[in-house]
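J.: Chains as they are written, first to last, in the numbering used here: chain X, 1 to 131; chain L, 1001 to 1437; chain D, 2001 to 2258.
If you are wondering where the hints come from, they were derived from the structure by calculation, not from laboratory data. Heads up, a few of these hints could be off.
Stated by the list, open to error - Result set (DMTMM-like, lysine to aspartate or glutamate): computed pairs, CA atoms no more than 25 Å apart in a straight line:
id: 1; chain 1: X; residue 1: K94; chain 2: D; residue 2: E2231
id: 2; chain 1: X; residue 1: K73; chain 2: D; residue 2: D2224
id: 3; chain 1: X; residue 1: K94; chain 2: D; residue 2: D2224
id: 4; chain 1: X; residue 1: K75; chain 2: D; residue 2: E2231
id: 5; chain 1: D; residue 1: K2065; chain 2: D; residue 2: E2231
id: 6; chain 1: X; residue 1: K73; chain 2: D; residue 2: D2180
id: 7; chain 1: D; residue 1: K2010; chain 2: L; residue 2: E1153
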Amino acid sequence: MRDRVWIVTGLLLFLGFVTYPVWHDLVAHATSRPPDLVLPANEKQCVAPVSYMRTSHMQLLLEWRQSVVRENKQKYVAFNGKVYDMSLTGTCLKCHDRKEFCVRCHDYAGVRTPYCWDCHLDPAQFKRSAR
Amino acid sequence: MFMFEKAMVGSRRYWIWVGALLAVIAVAFGFYLHQLSYGLGLTGMSRDVSWGLYIGQFTFLVGVAASAVMVVLPYYLHNHKEFVRMTILGEFLAVSAVTMCMLFIMVDMGKPMRVFNVFLYPQFHSVMFWDMLSLSGYLVLNATITLVTLHAEQQDVSPPHWIKLIILLSIPWAISIHTVTGFLYSGLPGRLAWRTAIMAPRFLASAFAAGPALLILLCFLLRRQTGYDVGKKAINGLAVIVTYAMIINVFFIAMEFFTAMYSRVPGLTEDFEDLYLGTVSHTSLLPWGRTSIVLMAAALVLLLVPRMRRNEKTLAVACALVFSSLWIDKGVCMVVGGFIPSPLGTLTRYVPTLPELAITLGVWAVGALMVTVFYKIALSVEIAKEASYVPAYEFARTAGAVGLQAQAGGAALAPGSGAPGQENGEVSGKGEQEWHQ
Amino acid sequence: MKITRKEFLKISGACLVAFSGKKALAVLESPAQSQDSPAAAGKLHKQLGMIIDTRKCAKDQGCTKCIEACNKAHNIPDFQNEAHRIEWIWKRPFGDLFSSYETQYLETSLKDEPTPVLCNHCDNPPCVRVCPTGATWKREEDGIVMMDWHRCIGCRYCMAACPYGARSFNWVDPRPHVADLNPDYPTRTRGVVEKCTFCSERLAKGQLPACVEACTEKALVFGDVNDPKSEIRQVLAKNYTLRRRAELGTGPNIYYLI
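This is chain X alone, in the form it adopts within the complex (with noise of 0.2 Å):
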């Protein structure tokens, strides 16, 4: 039984590991509090609403992607009746800034984003650069 102190302080250290996520904040007087969002200025009101897309947007952009790539429609009738092109840098980032909207809470809740930014350009880096 001598093993019992690498034992005991394995498991200690591994608990210690495990639990990081629930006392890091404690410890360093930090506060876990939700992404600074920064909303659109123009439009108060998105394609869907705002409960759908909170849980659903990856699922409405396949839809879009779906229908405009492989069945060439690109307008979208919104719950609300307004027509909208299916575009993911046309739409959506015409009025949502890619990184102080999608990557903050993208980066919050660690999602990684899949590979759409490889091909799908931020129209912000062309005012950017612009500037």
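Once you've looked at the hints, dock chains L and D against the given chain X.
T.: For chains L and D alone, coordinates are given in the frame of chain X:
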């Protein structure tokens, strides 16, 4: 699981070999990670030659995988008993070769993380879909066969009856995997060098020469390293198969040559021009094509003379010639040659880069490692079995010799690698013969 | 309830077969997308095609307006390394396009004349036939051979299948090599195959393809070859045109007016 513990004991030589293979794999993996992040631009492929070494190796190895049928068919369908000690080796070679094929496809993909799309969005009109399906099926079949038969061997019981159905299924399936791979090329309208009905038969002929040639070489190697002897009859039988297959393969090439050079259709003559003749244009493939023909001719000479075919030294040379000439013919000339000239007439040079070569070598090392581990396991079972009972029938002579050698410590296997319960030396009455009645 | 490992594996295997069988049935029951030309099936749909008037084009042999317009509109990268080049529309000597029509005595001016080359949007496209994921397909409503860059796995089988060399592969990340990014069109990523899509995004907005619009000589005539009243049909009726490697049965829809 699956007796892997048998592969964990071995001599110093064994571990040096395994270590070397692992080192090659590790280096190749490093290069592959770089390729993943940088892109396939790391290779020597280009807009004109869009398939290169990776797909060439894949094409060649499908043939090697299919060649297991050349051992399985005579043994299980025609009861050629002399192949009994070789079938498990052929099947394990098939499993390793198919795995290598799949790895070569994976490293060649532009977006390997999306490869599952082939199963999510199957396109039944695409030959590649059927190729994927048939290769996966063949892997499952052979893995099942080897697992079940080896396990039965180890327990010293007959394999279950249903395995015979699976083995019989693997015979046409083996033919199909290489036919489908041939169809990948022969169904394309645009590249005349490939658009020949004889493509799939040519693939099969070269497969049935190259694969068994490799198997013969592996058997020789095994005998030297471990004393496991498949038997002179088996080697000679397989050598005859290699000879016939090589004759047919060279015949097919001659057929293609005639059609191209007699009809003088530019699209066809260009192919032979670039690969073998070099009278009008001098492409980078010319030395490869010429070497392959010379090696094939040399191999045929050695194989056709019975005295030389039966002499193991010359047979080994012949098999090496067969394997290398067909590796060049299929892996280099046929695949890369189809892209030269391009549809707009350019002769683009294809030179594999160092990372490409390293990754290729790494995949071969994975295959070699699999063969090593599988053969180690198989041999541990076989030799343990033979060392422990008094041989009762005609295989006794070879089996006995092996048994004595193993007991004398000449084998490279460590003690204790056999299955327990075999030590009592009782005669195991069941064996291959009974099961096949 | 005690269950042996063997029984467990048997049951799991049966379940796996059942589930995959269900999926297979679903796929088989879904209506198969017609890959062959709707034109062949009764000429009900549009088939977009293009005439390249080489006589007008040859007036300025060094002109690359169509190529530049396409490259700008679609963020096509420019590579120093020829091997990695991406070409949707480009120019090659006439003799290279039509090697089977070439004679020893073909007037040298025509033989070397730079002629635009692009995807032929074939009636019977071999590239579509071979794609294992359906990342390229022939659109029913207008006959364009389309690309889905989300689905492409980069196997490059379509590149091997295309008899015209119309397709390019992204061997490396193209974005750093794009001189002037157009915000209205995505770039592509490394590892996918790309080609001319007849400017499907412009057609959706009722515009002509960028190359057609950019040609100052009006050498590119674009339209529906299935519509007897279209401009392209009028031109085809009055002039002799060639198609590349028509004997292969691919049914190319790019007509070269000699």
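J.: All hints are to be evaluated individually against the structure, with a verdict given for each.
T.: Now the hints, each set against the structure:
{"no.": "1", "hint": "X/K94 x D/E2231", "verdict": "violated (38 Å)"}
{"no.": "2", "hint": "X/K73 x D/D2224", "verdict": "holds (20 Å)"}
{"no.": "3", "hint": "X/K94 x D/D2224", "verdict": "violated (34 Å)"}
{"no.": "4", "hint": "X/K75 x D/E2231", "verdict": "violated (29 Å)"}
{"no.": "5", "hint": "D/K2065 x D/E2231", "verdict": "holds (22 Å)"}
{"no.": "6", "hint": "X/K73 x D/D2180", "verdict": "violated (28 Å)"}
{"no.": "7", "hint": "D/K2010 x L/E1153", "verdict": "holds (22 Å)"}
Violated hints, listed in ascending order, are 1, 3, 4 and 6; each of the other numbered hints is respected by the structure.
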